[in-house]
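Going by numbering that gives the first Met the number 0, 26 is the number at position 27 of the sequence shown; the sequence numbering is gapless.
I should point out that these hints are in silico values taken from the structure, not numbers from a laboratory.
Treat the hints with caution; some may be incorrect.
Claimed, not checked - Label pairs and their calculated CB-CB ranges:
(1) I19 / P89: 31 to 41 angstroms
(2) D61 / P32: 31 to 41 angstroms
(3) I85 / C50: 17 to 27 angstroms
(4) P89 / S36: 16 to 26 angstroms
(5) N84 / F34: 12 to 22 angstroms
(6) N84 / A13: 13 to 23 angstroms
(7) G27 / Q66: 11 to 21 angstroms
(8) T68 / L47: 15 to 25 angstroms
(9) V70 / P11: 16 to 26 angstroms
(10) I79 / S36: 32 to 42 angstroms
Yeah, the Cβ is synthetic: ideal placement off N, Cα and C, and Gly gets one too.
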Amino acid sequence: MHYTRRCLTPHPLATLPVSINGENGLIGLAFHPHFDSNGLVYVFHTHLQPCRNQVVRFTDLDNLGIQETVVIDDLPAADIHIGGNIGFGPGKKHK
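Whenever a hint applies, use it, and build me the whole structure from the sequences.
Right under this line is the structure:
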């Protein structure tokens with residue numbers, strides 16, 4: 000689903016090639032605290048090839064497309080006991 004102006008639309012923001020072996024796949028999703036003004040969405044997932052976990056930042060360009068940036072790459076992945084979380088703390092160091 001695509002998130003815009005606090006509502007969901009049927010158009011996807013992005014499609015990710017994720018591994019679906021075992022417990023792999025989408026691990027976490029976080030909207031930047033200033034999403035309304037900067038369009039940043041962070042995704043923690045297991046990439047398909049090679050099988051590894053990564054954090055990717057998507058920038059929604061006013062519903063005209065997205066820019067994808069890998070923020071953290073090559074985090075260890077396994078088939079079972081995958082866990083993780085992504086979010087923003089109370090500090091004001093968000094960029």
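Distance restraint evaluation - N84, F34, Cβ atoms, bounds 12 to 22 angstroms: Holds: the Cβ-Cβ distance is about 18 angstroms, inside 12 to 22 angstroms.
Status of the given 11 to 21 angstroms range, CB of Q66 versus CB of G27: With Cβ atoms ~20 angstroms apart, the hint holds.
Range agreement (Cβ of A13 with Cβ of N84, hint 13 to 23 angstroms): 20 angstroms, holds
Pairwise beta carbon distance, I79 to S36, judged against the given window 32 to 42 angstroms: 40 angstroms, holds
Whether the CB-CB distance between I19 and P89 falls inside 31 to 41 angstroms: 34 angstroms, holds
Status of the given 31 to 41 angstroms range, CB of P32 versus CB of D61: 19 angstroms, violated
Whether the CB-CB distance between I85 and C50 falls inside 17 to 27 angstroms: About 19 angstroms separates the Cβ atoms of I85 and C50, which means 17 to 27 angstroms holds.
Consistency of beta-carbon spacing, P11 to V70, with hint 16 to 26 angstroms: 20 angstroms, holds
Beta-carbon spacing of T68 to L47 - inside the hinted bounds 15 to 25 angstroms or not: Because 18 angstroms falls inside the window, the suggested range holds.
Cβ distance range 16 to 26 angstroms for P89 and S36, holds or violated: 19 angstroms, holds
Going down the numbered hints, you'll see the structure goes against just number 2.
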